[in-house]
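Participant: Chain residues, written in single-letter form:
There are 4 protein chains.
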Amino acid sequence: MSVIYSKVVSELISAHKDIWNSYTEHSFLEQLANGSLPNAQFLKYLKQDYIFLIHFSRAWALATAKSDSLDEMIITSSIMHSLINEEMALHIRVCEREGINIKDLKSTVETPENIAYTRYVLEAGYSGDFLDLLISLSPCVLGYGQIGLRLKNMFTSQKYKEWIDNYSSPEYQNVCFSVGKLIDEAVSRRIGNNYHKIGKWKILNQYFRKATLLEIEFWEMGLKP
Amino acid sequence: MSVIYSKVVSELISAHKDIWNSYTEHSFLEQLANGSLPNAQFLKYLKQDYIFLIHFSRAWALATAKSDSLDEMIITSSIMHSLINEEMALHIRVCEREGINIKDLKSTVETPENIAYTRYVLEAGYSGDFLDLLISLSPCVLGYGQIGLRLKNMFTSQKYKEWIDNYSSPEYQNVCFSVGKLIDEAVSRRIGNNYHKIGKWKILNQYFRKATLLEIEFWEMGLKP
Amino acid sequence: MSVIYSKVVSELISAHKDIWNSYTEHSFLEQLANGSLPNAQFLKYLKQDYIFLIHFSRAWALATAKSDSLDEMIITSSIMHSLINEEMALHIRVCEREGINIKDLKSTVETPENIAYTRYVLEAGYSGDFLDLLISLSPCVLGYGQIGLRLKNMFTSQKYKEWIDNYSSPEYQNVCFSVGKLIDEAVSRRIGNNYHKIGKWKILNQYFRKATLLEIEFWEMGLKP
Amino acid sequence: MSVIYSKVVSELISAHKDIWNSYTEHSFLEQLANGSLPNAQFLKYLKQDYIFLIHFSRAWALATAKSDSLDEMIITSSIMHSLINEEMALHIRVCEREGINIKDLKSTVETPENIAYTRYVLEAGYSGDFLDLLISLSPCVLGYGQIGLRLKNMFTSQKYKEWIDNYSSPEYQNVCFSVGKLIDEAVSRRIGNNYHKIGKWKILNQYFRKATLLEIEFWEMGLKP
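Quick note, the sequences are listed as chains A, B, C and D, same order. Sequential numbering of the first sequence, starting at 1, is according to our numbering. Sequential numbering of the second sequence, starting at 1, is according to our numbering. Sequential numbering of the third sequence, starting at 1, is according to our numbering. Sequential numbering of the fourth sequence, starting at 1, is according to our numbering.
Some clues are possibly wrong.
Because identical chains share one entry, a pair is satisfied inside a single copy or across any pair of copies.
[Unchecked claim] No farther apart than 27 Å at their CA atoms in a straight line, the calculated lysine-lysine pairs in the DSSO-like style are these:
no., residue 1, residue 2
1, 202, 7
2, 202, 159
3, 159, 197
4, 44, 224
5, 202, 106
6, 197, 7
7, 181, 224
8, 197, 103
9, 202, 17
10, 181, 202
11, 7, 181
12, 197, 106
13, 181, 197
Calculated directly from the structure, the hints in this document are not laboratory data. Here the structure is a predicted model, which is why all the values come from computation and not from measurement.
Same shape as in the complex, but just chain A (with noise of 0.2 Å):
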């Protein structure tokens, strides 16, 4: 994939290439390019990527508590507004349309993949600092970019053009590169350039492979019946 949204993550993709294209090109993604994921299947994972946004939110409004400068407050608050106000004003649109009111989607029970990945990546926020919580935070971000380029290149049905439309818009593409840029300044901030021999490079690493291991078992969540 050839779209480039930080230095430093895409680092990161290159040294986690098996699991990063495990998640990226699962086949979840391809059932949604070519029409044949079941709505039933895609409906629970738009409910569960409801409750989802909301501990994301809740993660980038830590990650503004733990900025260390106000423009980094700025950066994190603006994209945890619009992940609250415009993100998922898109899945109660296309609930509702499937006959999903918001008080179904409420009600919502989480699964245990979704309480992993969501607690992870808030725990890493909480134990850790900024960086540990933005790098938690971008197999997330910059993958649904990445997945959202893809699938517009390749989707064969109409069927799930909204979602795909939604992360190949230039909006969404928009949030990558800020997010992308407010990560290779922030590391570039705290740990300098050359990173690659200390520990903590090892330990954001872990964050990295861990949050995008837990990106893959959600997909698997949206394929079990």
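Please arrange chains B, C and D on chain A, whose structure you already have, making use of the hints.
Facilitator: Relative to the frame of chain A, chains B, C and D by itself:
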């Protein structure tokens, strides 16, 4: 003072009337109203308050992370948003007019009184729950609303009118009513309406009292040479 | 089951009887009792539980940081102390006997089920208060006590007797009674004795339910190839 | 001063020599050494330090929760253990001899200077990572070790000999060497040995500087009537 932003906070004010009055009727404020406050002291306060606002915004972001519902997330994050975008603008504007540019502002060294108050609130939020955090934030938010209205009624000098106008403005008063409602509902949802005899109420009283005392220290700092 | 370590937790168990029984009478445990559990599964569980204990100990340390009194600090830190010194020793001892040395143990990769449970508890502690954390910890601590006694009464094979002896031992049972007392007093001090109708009780019920569900997932993981 | 507990902290001391000396050679300490410190001031300090120790112990517990390995957990929790069991005992013993019983001690109201320091350290720990927390803790732990040795060499009055003996004792000096080693290894593991030019080092310097300044404020408080 007759304005009541919140039932719960009104009870806390009554229970700690002695120090609440020392805070909201502090001689720093009398001097703001009659214009006798030396410019140097006002600028000292403004510069410290700029740093204060950064940590205070972080505390509101933490409140979003600790929210229990999307509604609480939306309110807390909108307050955080107006703090870093609107309230800070007043500080930057007034400081610039007085010959303090943004670079000077950013290089201000925070005083112990500033550290004490901001870290107290943040730590209350991290160690406690959403209620502990909100109650620790309340003396500042609602106290400034009350102070704004009081000074609006008694000011005899135009010197610090812009500051007084800001906190007595309908916009700021609306923030106070929103925060008051948020607190009342958050308390009611979590510990009901008969909370006066449980330990949690004692804990909340301690947070309120200490935060109020630290507000007094903050004014004292403003008067120090 | 007749042993009652805590009034509060007994109420929670009754309210979630369905999943509590699925947890404490899980087929993993039946197989431990009758010796039919394959050795490989037991070792898989032990290795995961070793990592689990590290995060669980961190959660108890967090409970000390979130304590409200010196008494609470002393109890929570002594539990933490016995976890990393005594309970871990059992794991290391049994693993060594089975040919798994400490280096293997340390290089174990945690499963998603393990991540889900440990991070859930830690995040509950960070985002919530002392009560939220304790209640999230309770299904594990007290559940294992109950399981130990139950298996002690029904085991028909010596194969896993050491494990059963550990959790049915007077030492472990005492830990359960201490934790039970700690919980009852912490609840009583903070939200009194008429807590059944307030929102905080609903929140505590959610923490208890989800933690119990994640315990079931943990056993399921133990049975997976 | 020639004792070196830690390579990293020695560098920090050199970089902040001005305030480090103001802290470790504060007039409160000169008065302890020559016995001119009024008893009332010493008792005021002791009572505040009792509360300080509680929050300081919580900060060490938080360090355990934020540890990256079992080894770090064992060291941090053993320091925490000796703080609440041994160091506190000295305070209680001395206070009792001076007619202040444990009930008085527990009802002491913490001063703003005490709040400032303890919450600063705890918040550094919550918002930052393990390193941020340890460096914020270091001026107290290692500074008291250095102060103990210095006063041991220069004291001219028996009046506060027990206090001086405590911090110059082999037991306390050993704690200092353990903490020093812990810090050096934690820094080396995470940011290597060429950390002087990265932003994280600047952040750690800020934590060290502010914590040292807040130590000075604490002594100042001790001298206030």
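Participant: Now look at each hint and say whether the structure bears it out.
Facilitator: Hints and how they fare:
1. In this assembly of identical chains, the alpha carbons of residue 202 and residue 7 lie at most 27 Å apart whether taken from the same copy (17 Å) or from different copies (23 Å).
2. For the homomeric pair residue 202 and residue 159, neither the shortest alpha-carbon distance inside one copy (41 Å) nor that between copies (40 Å) is at most 27 Å.
3. With identical chains, the CA atoms of residue 159 and residue 197 are never at most 27 Å apart, being 47 Å at best within one copy and 46 Å at best between copies.
4. With identical chains, the CA atoms of residue 44 and residue 224 are at most 27 Å apart both within one copy (9 Å) and between copies (24 Å).
5. In this assembly of identical chains, the alpha carbons of residue 202 and residue 106 lie at most 27 Å apart only when taken from different copies (16 Å versus 38 Å within one copy).
6. Taking the shortest Cα distances, residue 197 and residue 7 sit within 27 Å of each other both inside one copy (17 Å) and across copies (21 Å).
7. Taking the closest pair of Cα atoms, residue 181 and residue 224 never come within 27 Å of each other, the shortest separation being 36 Å inside a single copy and 42 Å across copies.
8. Within a single copy, residue 197 and residue 103 get their C-alpha atoms only as close as 50 Å, which misses the 27 Å cut-off; across copies the closest is 23 Å, which meets it.
9. Proximity of residue 202 to residue 17 under the C-alpha cut-off of 27 Å is restricted to the intra-copy arrangement: shortest distance 16 Å within a copy versus 34 Å between copies.
10. For a Cα distance limit of 27 Å, the shortest separation of residue 181 from residue 202 qualifies both inside one copy, at 21 Å, and across copies, at 22 Å.
11. When the C-alpha separation of residue 7 and residue 181 is checked against a cutoff of 27 Å, the pair qualifies only within one copy, where the shortest distance is 9 Å, while the shortest distance between copies is 35 Å.
12. In the homo-oligomer, the alpha carbons of residue 197 and residue 106 lie at most 27 Å apart only across protomers (22 Å), although the nearest pairing inside one protomer, at 45 Å, exceeds that limit.
13. Taking the shortest Cα distances, residue 181 and residue 197 sit within 27 Å of each other both inside one copy (22 Å) and across copies (21 Å).
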